[in-house]
Amino acid sequence: MAKNVFLYALSTCIHCKNTKEFLDNKNIDFDFVYVDKLTGDEREKAIEEVKKYNPKVSFPTIVIDGEKIIVGLNKEEILEACGK
Amino acid sequence: MTPEKLYETLKKIQEPKGYYFNRNKTMVMELMQSLLENKDRYGYMACPCRLASGNQQDDKDIICPCVYRKQDVIEFGSCYCGLYVSKEWNEDKIVHIYVPERRPPEKMKC
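Residue numbers (our numbering), protein chains in the order written: chain A, 1 to 84; chain B, 1001 to 1110.
Calculated directly from the structure, the hints in this document are not laboratory data. Given the structure is predicted, the values throughout are model-derived calculations rather than measurements. Treat the hints with caution; some may be incorrect.
Ranges between beta-carbon positions, derived for each pair [to be verified]: (1) V1095/B to E80/A: 16 to 24 Å; (2) D65/A to P1016/B: 22 to 30 Å; (3) P1100/B to L79/A: 15 to 23 Å; (4) E44/A to G1043/B: 20 to 28 Å.
Not close to chain B: a few residues of chain A, all C-beta gaps over 12 Å, as computed [as the list claims (entries may be wrong)]: (5) A2; (6) N4; (7) K17; (8) L23; (9) D24; (10) N27; (11) I28; (12) K51; (13) E67; (14) G72; (15) E80; (16) A81; (17) G83.
Partial selection, computed: residues in chain A whose CB lies under 7 Å from chain B [said to hold, decoys possible]: (18) C13; (19) I14; (20) V35.
Glycine included, each C-beta is placed from N, C-alpha and C at the ideal position.
Chain A on its own, in the form it takes in the complex (with noise of 0.2 Å):
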């Protein structure tokens, strides 16, 4: 069954573009969100989730059926998680 994979990453961040690249020719369905191009209630509520996975607010932030948390671009823990 496809996994439900969510991306917080940054319009300008050069990790999150290739982690989203890497996705996509993988087959891997995902959905994502710029936090950075978000504004109000809406930036302060994905802030706070993302802080909830991961406390250093970094990215790209990866989150698996929304319990896998992967930060950063790893292949191997990305593949694994989404069991391809």
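Please arrange chain B on chain A, whose structure you already have, making use of the hints.
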């Protein structure tokens, strides 16, 4: 300022200090573009790979080149973004590993 102009300007300043641009020129030019974008929207070149607060004082540690670059390049041969690297990193004399975030979370005020 264009990304190319920023590249030339920074290269002259940073290389003599021992900080070389990543040999991946495409990536470097994308990061030049990101720095200029951050300059436009925040008024200062916030690190492209970190969430800026929009307050220059709160973000002074992550204005590129960030204060963490020195220790990151010493330890990993690369800054957090991968923009600035050591000569050895570019020549594959050291292993390329993912640079963890060194910035203390409490510094982030956004």
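Here's how the hints hold up against the structure:
{"no.": "1", "hint": "V1095/B to E80/A: 16 to 24 Å", "verdict": "holds (21 Å)"}
{"no.": "2", "hint": "D65/A to P1016/B: 22 to 30 Å", "verdict": "violated (49 Å)"}
{"no.": "3", "hint": "P1100/B to L79/A: 15 to 23 Å", "verdict": "holds (20 Å)"}
{"no.": "4", "hint": "E44/A to G1043/B: 20 to 28 Å", "verdict": "holds (22 Å)"}
{"no.": "5", "hint": "A2", "verdict": "holds (26 Å)"}
{"no.": "6", "hint": "N4", "verdict": "holds (23 Å)"}
{"no.": "7", "hint": "K17", "verdict": "violated (7 Å)"}
{"no.": "8", "hint": "L23", "verdict": "holds (16 Å)"}
{"no.": "9", "hint": "D24", "verdict": "holds (17 Å)"}
{"no.": "10", "hint": "N27", "verdict": "holds (23 Å)"}
{"no.": "11", "hint": "I28", "verdict": "holds (19 Å)"}
{"no.": "12", "hint": "K51", "verdict": "violated (8 Å)"}
{"no.": "13", "hint": "E67", "verdict": "holds (21 Å)"}
{"no.": "14", "hint": "G72", "verdict": "violated (5 Å)"}
{"no.": "15", "hint": "E80", "verdict": "holds (16 Å)"}
{"no.": "16", "hint": "A81", "verdict": "holds (16 Å)"}
{"no.": "17", "hint": "G83", "verdict": "holds (22 Å)"}
{"no.": "18", "hint": "C13", "verdict": "holds (4 Å)"}
{"no.": "19", "hint": "I14", "verdict": "holds (6 Å)"}
{"no.": "20", "hint": "V35", "verdict": "holds (6 Å)"}
Checked against the numbered hints listed earlier, the structure breaks hints 2, 7, 12 and 14; every other hint is satisfied.
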